[in-house]
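> Following the hints, position chain B against chain A.
Protein chains in written order, with my numbering: chain A, 1 to 272; chain B, 1 to 719.
If you're looking for bench data, these hints aren't it; they were derived computationally from the structure.
We treat Cβ as the ideally placed atom computed from N, Cα and C, and that holds for glycine.
Covered, in the sense of this in silico footprint (three residues per stretch, anywhere, with C-beta under 8 Å from a C-beta of chain B), are these stretches of chain A:
| hint | segment |
| --- | --- |
| 1 | 179 to 186 |
| 2 | 197 to 205 |
| 3 | 213 to 227 |
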Amino acid sequence: MSEASILVPLDGSEQALAALPVAKVLGETERAALRIVHVGERKPPDAELLERLRLAAPALDGSMVEVRTGKPAAEILLAAGEVKARLIVMCTHTAAKPGKVPGNTATNVLRHAPCPVVLVPPGHGLSAWHLHHVLVPHDGTPTTSAALRPAAELAERASAELLVAHVTDIGAAPAEAGSLTTPRYVDQPQHEWPAWTSEFVKRLACICPLGHLHVRLVLARGSPAAEIVRLAKKQSTDLVVLAWRGKWEVPHAATLKAILGEAGCPIMVLRA
Amino acid sequence: MNARQAALHPTDLPVAPTLDPAWVLVEEGFTLTREHELESLFAIGNGYAGSRGSLAEGSALSSPATFLAGVFDSEAGPVSGLAPTADWTRLSATIDGQPLRLDNGHNLEHRRVLDMQQGILWREWRHQNAAGRITRLQMLRLVSLADRHLLLQCATISPENYSGRVSIDAALTGTVTELRGSSTTVAMAVARQVVDSAGRWMGSPQQVVGQPSLEVRLGETYRLDRMVAVYTSRDTGEPREMASRQVERAIEDVNGVIADHRDAWLARWKASDLRIEGDPAAQRALRFAIYHLSSAANPEDERVSIGARGLSGTAYKGHVFWDTDIFMLPFFILTHPEAARALVMYRYHTLSGARAKAARLGYRGALYAWESADTGEEMTPPFVVSPDGEIVRILTGEQEHHISADVAFGVWKYWEATGDERFLVDAGAEILIETARFWASRAEREDDGCYHIRGVIGPDEYHETVDDNAYTNGLAQWNLEVGEEVTRLVAERWPEQWRALSRRLGLEAEEPHRWLQVARELYTGFDEQTGLFEQFRGYFGLEDIDLAAFAARTAPMDVLLGRERIKRSKIIKQADVVMLVHLLWERLLPEVRKANFEYYEPRCGHGSSLSPAIHALVAARLGDAALAERHFRQASEIDLSDNMGNAAGGVHVGALGGLWQAVVFGFAGLRFTDEGPEHRPKLPPSWRSLSMRFQWRGRWHEVVLPESGAERRTTGDDP
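Bound-form chain A, shown alone (with noise of 0.2 Å):
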């Protein structure tokens, strides 16, 4: 049974570093090795490798470097697809083009990554991450509560708080069978808004298990990316999970595409 693996693409920039941190606390969580993949037009010298992925000899830390040729994110999809790697940990951008959040590679991989990706807003180079925080909204469907399985499986591992996140506009509830959204009526809130919340928490256990985990749930109300911001702001998150349907084009992924230009944190995507 081969060793399971996260793949952290660099690309030799200041800003692509940042992914580092984050991949080696949830390669500890997971147990999995990390596996530093460089992607450029030629294949450097071995003894220029690290100077151009821009790392000193014990950040690697034990991990291992692929060294690839072509064009990034095919490269990147491919070296996951061998490996069967549990997760991309990858930064948002690193281009000088900084109103394109995500950038054309992350977007790429993103789209068609064979596994979650997490990705990392640059600029916190290599300063320690932590896992105490995870934010995860939740539309109330089923098929989102079904998404978020490893994202609670790794908060539990990481012994992290999950904030499950609903937030609530003007608009059609999802058409899904099962899902639960705000309520419609609220006839007497004190009994009411407990029994949501409970009903909420175990609709969400009885697909995705949340073992021992600390859950709570915050409903807020307003554009979902732009609550979904602010909270991960006000609550010191440190890591956004997203359930992404998989369509990007317009009029899709609004809100995660809001989400990752502006969260401050990383962020998870997990196909629902």
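Same frame as chain A, now just chain B:
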């Protein structure tokens, strides 16, 4: 085996599921996350006991619970809640070592049917396990309406393509005794029997305790009956003995128990059914309402009432609100006066709690608890942590004082409809006097020469600590006048009892006159020029927010706008002035009713499940058929639509009572005059006819209302 059993094949059940879709609620297949909702919708009950419609074998989201009216758990904290008792419904099977479960193997067919006509929860299931063994099951569950202490579960099992060993695990066996709260003993006695299709007994009730294991043969059908008798120390000093004796008798005639139960439900329907021609969805919604209302009431116990979710779930802790007096009671008054009597007597038996609350707050008379359990003490939780993490102080228990007038209103309506003199003299008059006395002390005369009632919450709970809420003051005024009227009535017709009562209550002769003076001088917020009641002082100066912009919402307005914004706005939670128009219809001029409905209806956010039905009722009476139908549809979907999100904790019995009223008082236009009942129907266009029965002053009336508005009426002594 008695005569009723003899005509049947040994494993046949004596009844079959009702086929008419207007009488059944059907759930095909299995959606795990809907289980809690379905358990509520498919709950069965008889007002003494209620059981959620949980899957017998359980699932990852099953919350089976059986509640007994009046059995509260007071040890969990200061706010007692209805206590679930032992799960008598648990029943699972293992076939050649493989558990029979919905999430294990392949479900070839799975259907749950709430048979509202017969009061039976049916389940039909064909299951194929991993080894390919196909098993057909039919299950029946009932809580007897004929004998409220009996609960019954029957299951037939047929191996379709195998012979093998079936183990049955029915967790509850023998006689179980539990102590609930600090004082109530609950005893459940269980008896079981298994019979094969040749009539051979697979074990007597005494032999099949534990986990019976059967060798089943292909082509055969086997039937398991599990009878439960339940008694509590509220019923008898010997609950265990009573339960044991009764279950031993009942297991001897299971089919008879089923037949008696079915007959009792048919009789209930004969008295209470509303038949709608031309609108199957409305028909089913109305029967769903009547079914759950009837399941929640017990005419034999006047020390319990009906909680906001009946006996169908844990939400609201079984607490009794104004829902019972204003929304549910009219149904019982007109179709089951014995049950209505028990409900108003509950308010009599909890009068001491209401007196204590009034005294604690510095008032005279009786101020009923906003949330009442077994003693009548205030049970409203003082705080809640809202889902956005805010700790919110709950003021309804301190400020929602209209509950006392609501109770009085229900009492008076019961008296008007039944002429139950004994009730009025022994109990009703005392409630009316003590509530009037409360209002006389609650209202204060101010410099403007008017009495005012300050610092209250009206039905619109979005606005707290308001002054002179129109609904509260309007009902208080009514309560004061009726309180005075009842003193004259009782003094005149039952002078001896009046002397005793007035002496016991310390009622001086001039006190009722003062009530009239307070009523006359009580500020009502009515503007002669506009014909509008101001919902409370300052309401007209609040921000007007156009609700049309939020038409597609699926969340209440206070969630969308936030509590502070909603307080500063004219958006109201539920019918408030519109409720006043409904209850005091005859006191208001037609143009006043219309003006107030037209002003307040567009400003109502319907954040309460009680609201849409009352708007449907008033719109129908005002002749706005389209608007009435729109509100009616919304009301009818509160539990039956699966996207409202909060049926999981139980059905909304108050809203169901409101739905019934929308049809009877709204579309049918039933009203009572000195000459008796009359109808002014305004049926929705799709309704070809509406048929109903009701009792008024001891006489049953049967009415068919065609589209033309004509009516045909017969009367008689029996339903």
